[in-house]
Amino acid sequence: MDSWIVQWLNKGVGTFGIWDEFIKAMMSDYLVPVSCSLVMIGLWFHGSKYLDRESNQIVVCIAAGGIGAANLIIAVLNSFYFRLRPFEVLDLNLLFYEPTDSSFPANFAAVGFAVATAVFMKNKKLGLFLGLLTLLGGWGRVYAGVHYPSDIVGGVIIGMFASFIAYRISKMVPWVLRIFLKLARRIHFA
Amino acid sequence: MLEPFAFDYALMVFSSTLGVVQFVAAKNNLFGIMIFRTRLVLTKFLSMPLVLAPFVWFFFLGEPRNIPDTGPGLEANTQTIVFASSAAIAIAVTFVISSIVNHSWGSNYKTKDEDFAEGDFEGMSVFQKTTFFWATIKIFIKPQGSP
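If you're matching them up, the sequences are chains A and B in order. Going letter by letter, the first sequence gives residues 1 to 190 in this note's numbering. Going letter by letter, the second sequence gives residues 1001 to 1147 in this note's numbering.
No lab work stands behind these hints: they were computed from the structure. All figures in this text were calculated on a predicted structure; none of them were measured in a lab. It is possible that some hints are incorrect.
[Said to hold, decoys possible] Below are the SDA-like pairs computed for lysine to any residue, each with C-alpha atoms no more than 25 Å apart in a straight line:
id	chain 1	residue 1	chain 2	residue 2
1	B	1027	B	1141
2	A	24	B	1138
3	A	49	B	1005
4	A	122	A	93
5	A	171	A	160
6	B	1044	B	1005
7	A	122	B	1044
8	A	182	B	1028
9	A	124	B	1052
[Unchecked claim] Chain B regions said to be covered by chain A (calculated; three or more residues, Cβ under 8 Å):
id	region
10	1040-1046
11	1060-1074
12	1104-1110
Glycine included, C-beta positions come from ideal geometry on N, C-alpha and C.
Next comes chain A alone, as it looks inside the complex (with noise of 0.2 Å):
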């Protein structure tokens, strides 16, 4: 299934030049980490009064946190599993560079989804917005035959748990985040 979907989505590459175009920007390495970074970067000037920048500086801070859990998840997933890329498998036309890494899971998916999820539990519309952002990505990397959809799949599932431990370790020691961000308030960075 997972390769039949990948090959069917396939074929579409080289129909539409500017199609193509589009795709390689919203899947390439640096779209949606650059867009997730900006909306964090805003949520934590945001906010007029002092307790509502409060309450999105702890969610910048659990997005940060969120990035760090997912990475360390597919840091032990990698180290004993590893996937083939799809163009190693099957007869694709390839619309990106060979990445060396497992395909299983797309850390790409892990990280905008772990940034998506912390987000979307304070601002639901920008939230949606970094989900729907990392999904389109997804699907242009599945489109362009770097990974499968189960790929995609398992990188949103560990992002948004990967959010969600840091959401419980911000619940069990919400002292830390309190004593950074008032340290940070005195010199006017938060």
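Once you've looked at the hints, dock chain B against the given chain A.
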């Protein structure tokens, strides 16, 4: 020295961060870190292309960007370092330029004010009343009678 690709990436992040900070500052009345302090609408209007134009340039108009991260591209750790550095420089530049442009504004702000909630004068809310420069000066030189 940064490779040309890393330099382009840093430039995109720098410009976009400037735009994001200006937009959010205008939205939340943080006049002290706005470069056009009295022009709220203009700031919002100008900050959007400042965020979006670098994206269009980097992904659609410049060199090919889908290049191996094991070669000329940026692998995850380098990408994080370049992003963090560029964003930090953009925020520092925002603080410095807004402090210079608005140098005569907010020098006499009070750290206790009825407009502020308890504890609010410590954080970024001070930028509703003064610039980063004056706020930093007040950290070191407390006015007489203040706690």
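Open item on the list: I'd like to know which numbered hints this structure contradicts. Please list them from smallest to largest.
Closed with: 1, 2, 3, 4, 6, 10 and 12
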